[in-house]
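Heads up: the protein sequence lines correspond to chains A and B, in order. Going by our numbering, the letters in the first sequence line up with residues 7 to 137, in that order. Going by our numbering, the letters in the second sequence line up with residues 5 to 127, in that order.
Derived from the structure by calculation, the hints contain no laboratory data. Built from N, CA and C at the ideal position, the CB exists for glycine as well. Incorrect hints may have been included.
Sample of chain B residues lacking proximity to chain A, with all beta carbon distances greater than 10 Å (derived) [to be verified]: (1) E8; (2) N38; (3) G39; (4) D58; (5) G112.
Taking lysine-lysine and the BS3-like style, the derived pairs with C-alpha atoms no more than 30 Å apart in a straight line are [unchecked claim]: (6) B:K31 - A:K76; (7) A:K33 - B:K74; (8) A:K50 - B:K118; (9) A:K33 - B:K36.
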Amino acid sequence: METKRKPVITGNEGGPIKLDEAASWTKNYRDRHPGETISQFFGKEILERILAQEGCLGIRFYYAIDHDGKKHLVITGVVSDGNDQINEEPHEDAASATGVPVQKIYEIGDQSTPCPGSPGCPHNKLSVGKF
Amino acid sequence: METERKSIITGKEGGPIDPHVAAGWTKNFRDKQNGETISHLFGREILERILAQDGCVALRFYHANDHDGKRHLVISGVNHDGTDQVDPGGAAKPVLYEVGDQSTPCPGSPGCPKGLLSDGTSS
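From just these sequences and the hints, can you work out the full model?
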């Protein structure tokens, strides 16, 4: 039997950071990982689709490496107890309010666009340390 | 004089991935980076605030290390020409864009999941 986890996620996780501090941290990363992917981005559509999933209070970003060694970010919706919104196998939910089984379809995102290596990569304090 | 950049970002960047492929890739990361932070969580409030900024069509996630070496993701809104929505400073009319951090890392935070992406197990 699955143990029910306590709600710990509020939707308020994360907050603003000063640009200069962020720039210094992204520089640290570039210095430690010369030549590597420094950023990835996801378009608004997939982010909003995941945020619109029932019960979703945030998005978890997983570091991932494909079988060619390329870096990715894999994203999932997160519910109040911290669990990810993942369909491991196509399955039917126990039952809807009407007693009719419903299919849960959760989206897991990837195919983000890396920099360097994509059109539109910016030049600014976060990406190269200066405007 | 600033050169105008072309509009190249559509907001459709990124797409679905099969959970088992994703699980293989997150496992690759855990195997190579033993003991490091494997994920970060941003709550919907900051994500929605940045997505609501005027002209924002995407979010960019920068890899970052603080001065203690701890990993972070720094997020910024992205304009249709690919530029980040950060305040360049010195602008005649300052624009206040939010740059996000303070995401919740795993391991090390309440609510870290056990599952296909986090440890390869079925949740």
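Status of the hints after comparison with the structure:
no., hint, in the structure
1, E8, "13 Å, holds"
2, N38, "13 Å, holds"
3, G39, "13 Å, holds"
4, D58, "13 Å, holds"
5, G112, "12 Å, holds"
6, B:K31 - A:K76, "13 Å, holds"
7, A:K33 - B:K74, "13 Å, holds"
8, A:K50 - B:K118, "28 Å, holds"
9, A:K33 - B:K36, "23 Å, holds"
Hint compliance for this structure: no hint is broken.
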